[in-house]
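From just these sequences and the hints, can you work out the full model?
In full-length UniProt numbering, the protein residues as written are 1 to 208.
Think of the hints as simulated: they come from the structure by calculation, not from any bench.
Bear in mind the structure is a predicted one, so any value in this text is a computation, not a measurement.
A couple of the hints might just be wrong.
[To be verified] The following label-pair restraints were derived from C-beta to C-beta distances:
#	residue 1	residue 2	range
1	Asn-84	Thr-32	17 to 23 Å
2	Gln-11	Leu-63	18 to 24 Å
3	His-113	Asn-25	19 to 25 Å
4	Arg-136	Asn-62	31 to 37 Å
5	Leu-63	Phe-22	18 to 24 Å
6	Met-138	Asp-112	38 to 44 Å
7	Asp-41	Arg-136	22 to 28 Å
8	Thr-32	Gly-87	15 to 21 Å
9	Asp-10	Asn-84	32 to 38 Å
The beta carbon of each residue, even a glycine, is placed where N, CA and C say it ideally should be.
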Amino acid sequence: MLFVLRLTHDQDVTLRVDLEDFDGNTAYAIYTKFKVSGEDDGYYLEVAGYHGNASDSLTSHNLSKFSTWDVTNDKAPPCCPCANAYGGGWWFNSCFESNLNGEYHTRPRDNDHYHGIIWELWKGDYSLKSSEMKVRAMSYVREPVLADGPGGTAPPPPPPADPAGPSGQLGVGTTSGPAPTAAEPPVTETAPPDVSTPVDLGVEPLNA
1 MLFVLRLTHD QDVTLRVDLE DFDGNTAYAI YTKFKVSGED DGYYLEVAGY HGNASDSLTS
61 HNLSKFSTWD VTNDKAPPCC PCANAYGGGW WFNSCFESNL NGEYHTRPRD NDHYHGIIWE
121 LWKGDYSLKS SEMKVRAMSY VREPVLADGP GGTAPPPPPP ADPAGPSGQL GVGTTSGPAP
181 TAAEPPVTET APPDVSTPVD LGVEPLNA
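Structure (structure tokens):
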């Protein structure tokens with residue numbers, strides 16, 4: 001949790017949640033605001049700005065404090081703390097629409113009534129195969145793509161022209177054919193475009 005706190009404390013970040021079920025189906029949820037407070041405030045969650053195709057199972061946890069089996073900060077009845085009832089630490093409310101730190105099951109229906117990795121508004125009480133939470137600074141700018149070339153890299157520059165033509169005279173950029181005559185003006189090559197310089201294609205950071 002301290003690692004997440006450091007990532008979100010001094011900069012604005014976005015959160016992407018990637019989900020996968022046991023049939024290979026995937027879904028994602030992106031939040032344009034994601035922040036975790038300090039220990040004195042119970043590591044409470046600030047989250048907003050959902051878009052994606054997984055449905056929003058996290059905004060309902062906004063401003064909830066983080067609870068574990070030994071530290072109860074949820075709003076459930078005193079008899080039934082969420083972390084003790086469902087396992088894992090999470091920003092439980094009373095109790096949850098998502099719990100990505102729940103019990104892991106090798107088959108989705110082995111869980112007993114929401115005991116598992118849950119994203120309720122996508123799969124109900126189905127326990128997911130995998131989930132990932134990834135953050136990125138709002139100030140992130142993707143590296144520009146270089147023009148032409150495998151893997152987005154610039155092709156190597158062409159070999160330099162022979163500084164001396166067939167006549168032995170300096171002729172930078174001349175062809176290697178016969179020496180020019182009065183009736184045949186010299187043929188010069190057009191210098192190839194310089195592709196060694198990165199070209200800004202206006203690629204924006206991934207927001208969806």
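Determine which of the earlier numbered hints do not hold for this structure and return their numbers in increasing order. Violated hints (numbers, rising): 1, 4, 5, 8; every other hint is consistent with the structure.
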